[in-house]
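Engineer: Sequence:
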Amino acid sequence: MSFLSENEIEDWACDILRECGYTIAWGPDIAPGGKKPERASLSDVVLEKRLRTTINKLNPHLPQASKDEALLALMREDTPDHVDENRRLHDYLVNGVPVDVVRKDGTQSGDRVRLLDFENPENNDFLVVRQFVVEKDEANRRPDLVLFVNGMPLGVVELKSPSSENATLDSAWNQFQTYRSFIPSLFRFNEALMISDGTQARIGSLTADRDRFMPWRTVDGEELVAKNHEEMETVLRGVFTPRWFLNLIHDFVLFGEKNGSPIKILAGYHQFHACRKAVAQTVWASAPGGDRKVGVVWHTQGSGKSLLMTFYAGVIARHPEMENPTIIVLTDRNDLDDQLFTTFSGAQALLRQTPEQADSREDLQKLLRRSSGGVIFTTLQKFQTKEGETSLPMLTDRRNVVVMADEAHRSQYGLEAKFDRQTGKVSYGFAKHMRDALPNASFIGFTGTPIENADVNTRSIFGDYIDIYDIAQDGVDGLPAASMCHDGGSLTIRRRPSV
Numbered sequence: 001m002s003f004l005s006e007n008e009i010e011d012w013a014c015d016i017l018r019e020c021g022y023t024i025a026w027g028p029d030i031a032p033g034g035k036k037p038e039r040a041s042l043s044d045v046v047l048e049k050r051l052r053t054t055i056n057k058l059n060p061h062l063p064q065a066s067k068d069e070a071l072l073a074l075m076r077e078d079t080p081d082h083v084d085e086n087r088r089l090h091d092y093l094v095n096g097v098p099v100d101v102v103r104k105d106g107t108q109s110g111d112r113v114r115l116l117d118f119e120n121p122e123n124n125d126f127l128v129v130r131q132f133v134v135e136k137d138e139a140n141r142r143p144d145l146v147l148f149v150n151g152m153p154l155g156v157v158e159l160k161s162p163s164s165e166n167a168t169l170d171s172a173w174n175q176f177q178t179y180r181s182f183i184p185s186l187f188r189f190n191e192a193l194m195i196s197d198g199t200q201a202r203i204g205s206l207t208a209d210r211d212r213f214m215p216w217r218t219v220d221g222e223e224l225v226a227k228n229h230e231e232m233e234t235v236l237r238g239v240f241t242p243r244w245f246l247n248l249i250h251d252f253v254l255f256g257e258k259n260g261s262p263i264k265i266l267a268g269y270h271q272f273h274a275c276r277k278a279v280a281q282t283v284w285a286s287a288p289g290g291d292r293k294v295g296v297v298w299h300t301q302g303s304g305k306s307l308l309m310t311f312y313a314g315v316i317a318r319h320p321e322m323e324n325p326t327i328i329v330l331t332d333r334n335d336l337d338d339q340l341f342t343t344f345s346g347a348q349a350l351l352r353q354t355p356e357q358a359d360s361r362e363d364l365q366k367l368l369r370r371s372s373g374g375v376i377f378t379t380l381q382k383f384q385t386k387e388g389e390t391s392l393p394m395l396t397d398r399r400n401v402v403v404m405a406d407e408a409h410r411s412q413y414g415l416e417a418k419f420d421r422q423t424g425k426v427s428y429g430f431a432k433h434m435r436d437a438l439p440n441a442s443f444i445g446f447t448g449t450p451i452e453n454a455d456v457n458t459r460s461i462f463g464d465y466i467d468i469y470d471i472a473q474d475g476v477d478g479l480p481a482a483s484m485c486h487d488g489g490s491l492t493i494r495r496r497p498s499v
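Just so it is clear: in the sequence shown, position 376 is 376 by UniProt numbering, and no numbers are missing.
Please note: incorrect hints may appear among the correct ones.
What the hints assert, rightly or not - Distance ranges between label pairs, derived from CB positions:
#	residue 1	residue 2	range
1	Asp209	Asn166	18 to 24 Å
2	Asp11	His229	17 to 23 Å
3	Lys366	His229	52 to 58 Å
4	Leu72	Asn228	43 to 49 Å
5	Lys49	Lys366	50 to 56 Å
6	Asp84	Leu42	49 to 55 Å
7	Lys35	Gln301	52 to 58 Å
These are calculated hints, taken from the structure and not from any lab test. All residues carry an ideal CB built from backbone N, CA and C; glycine is no exception.
Based on the provided sequences and hints, a complete structural model is requested.
Structural biologist: If you want it as structure tokens, here you go:
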């Protein structure tokens with residue numbers, strides 16, 4: 001059986017990326033003294049001319065002094081800690097570089113210099129450089145492919161040939177650890193790392209251990225590619241296609257801590273596409289004429305459902321059509337409320353706000369009095385009627401309220417009425433009280449357990465499935481238990497709006 005050489009695999013990868021919209025360059029050509037030099041030194045990892053051109057293009061309203069200030073902030077290393085530096089630059093990529101602006105009339109104000117155009121991918125410059133040599137202390141290293149966006153190295157790909165016994169995914173991952181030690185400057189801006197032997201392919205973050213480099217089994221979230229089948233092409237198209245890559249950078253990156261060390265977390269493909277679908281359904285359901293039933297996301301236990309909920313809340317909170325919504329995260333147990341609250345609290349940069357816990361119904365009502373915004377954690381028990389009440393008073397009638405219910409399959413969410421023969425009283429499930437309290441809110445359910453076909457209550461509250469990632473696909477992808485960074489698969493069962 002014949003295998004492709006490493007050079008042939010590299011050719012193939014470049015052909016795929018060219019089809020995705022990248023320009024391909026040869027490292028020696030853009031090196032100092034090359035045919036088309038773009039680097040003053042082999043230690044330079046930013047293609048400064050391309051970056052400067054983009055800054056000028058995306059920020060025509062700002063004075064040149066402010067744009068020069070932004071460029072200096074990007075080129076200057078602020079901290080020796082690689083992850084902290086990466087976090088700083090990620091913030092700049094997503095939100096822009098903060099600068100002082102002195103107007104012509106002498107007034108001064110703050111503004112941000114944009115580095116990426118997330119709304120219009122075609123306004124960005126996508127470049128792949130083959131054999132990009134980086135020099136430090138008279139030694140050099142040469143990654144196979146470096147992906148530049150607007151002159152910044154945001155992706156690195158390491159390829160191995162299956163024809164070589166020692167050229168494995170493990171050796172490719174080990175190569176990244178060598179690069180991080182010898183040429184850390186290349187990873188200051190990094191958003192994703194990929195390893196492949198032409199057959200298998202995995203994607204991971206700057207801090208990901210080997211077992212956190214995971215498959216990415218779909219390009220568009222609709223069709224799953226079988227294990228060991230076209231994996232390299234699927235990762236290249238599914239992650240690095242310009243619109244997907246920009247979407248991943250903007251909405252699906254978190255920084256956290258593990259065993260006292262900072263880590264960077266990328267969404268898995270099941271989280272990425274389930275979130276996109278859930279957001280589209282939410283916009284549809286909450287609009288005038290919508291039924292306010294967003295749907296149910298069933299992702300098997302251990303697949304990163306809490307992170308999925310966090311990513312979803314972050315996107316919904318910033319979605320322009322949601323008009324700065326209030327998000328209520330609902331659980332049926334205090335311990336679950338605390339666990340989710342801890343996860344969300346570590347994602348304030350993504351949420352753009354600080355989550356709050358409602359300690360009582362009165363506290364919940366107080367938090368809901370605001371005209372917009374807020375991520376509020378509460379439990380079902382806050383929607384229990386008090387002695388003498390037959391229904392719950394309305395807390396808010398705003399439409400831009402989204403209720404995220406965890407473990408939505410549980411019976412406590414029922415709408416049905418129950419008659420107590422001994423007391424002669426009728427009682428209702430919590431869902432009825434939630435609807436009384438939040439008559440115009442939209443509801444989405446997240447569950448790690450499938451909804452039974454006979455369970456009409458859950459569907460009557462939340463709607464049908466939006467996305468499914470079951471234990472069978474979890475087994476194919478080999479997700480680590482209780483993983484902080486997952487990848488899995490999702491298939492749309494019901495699709496109303498287009499994404």
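Engineer: Does each hint fit the structure? Answer for all of them.
Structural biologist: Each hint tested on the structure:
no.	hint	verdict
1	Asp209 with Asn166: 18 to 24 Å	20 Å, holds
2	Asp11 with His229: 17 to 23 Å	20 Å, holds
3	Lys366 with His229: 52 to 58 Å	55 Å, holds
4	Leu72 with Asn228: 43 to 49 Å	47 Å, holds
5	Lys49 with Lys366: 50 to 56 Å	54 Å, holds
6	Asp84 with Leu42: 49 to 55 Å	26 Å, violated
7	Lys35 with Gln301: 52 to 58 Å	55 Å, holds
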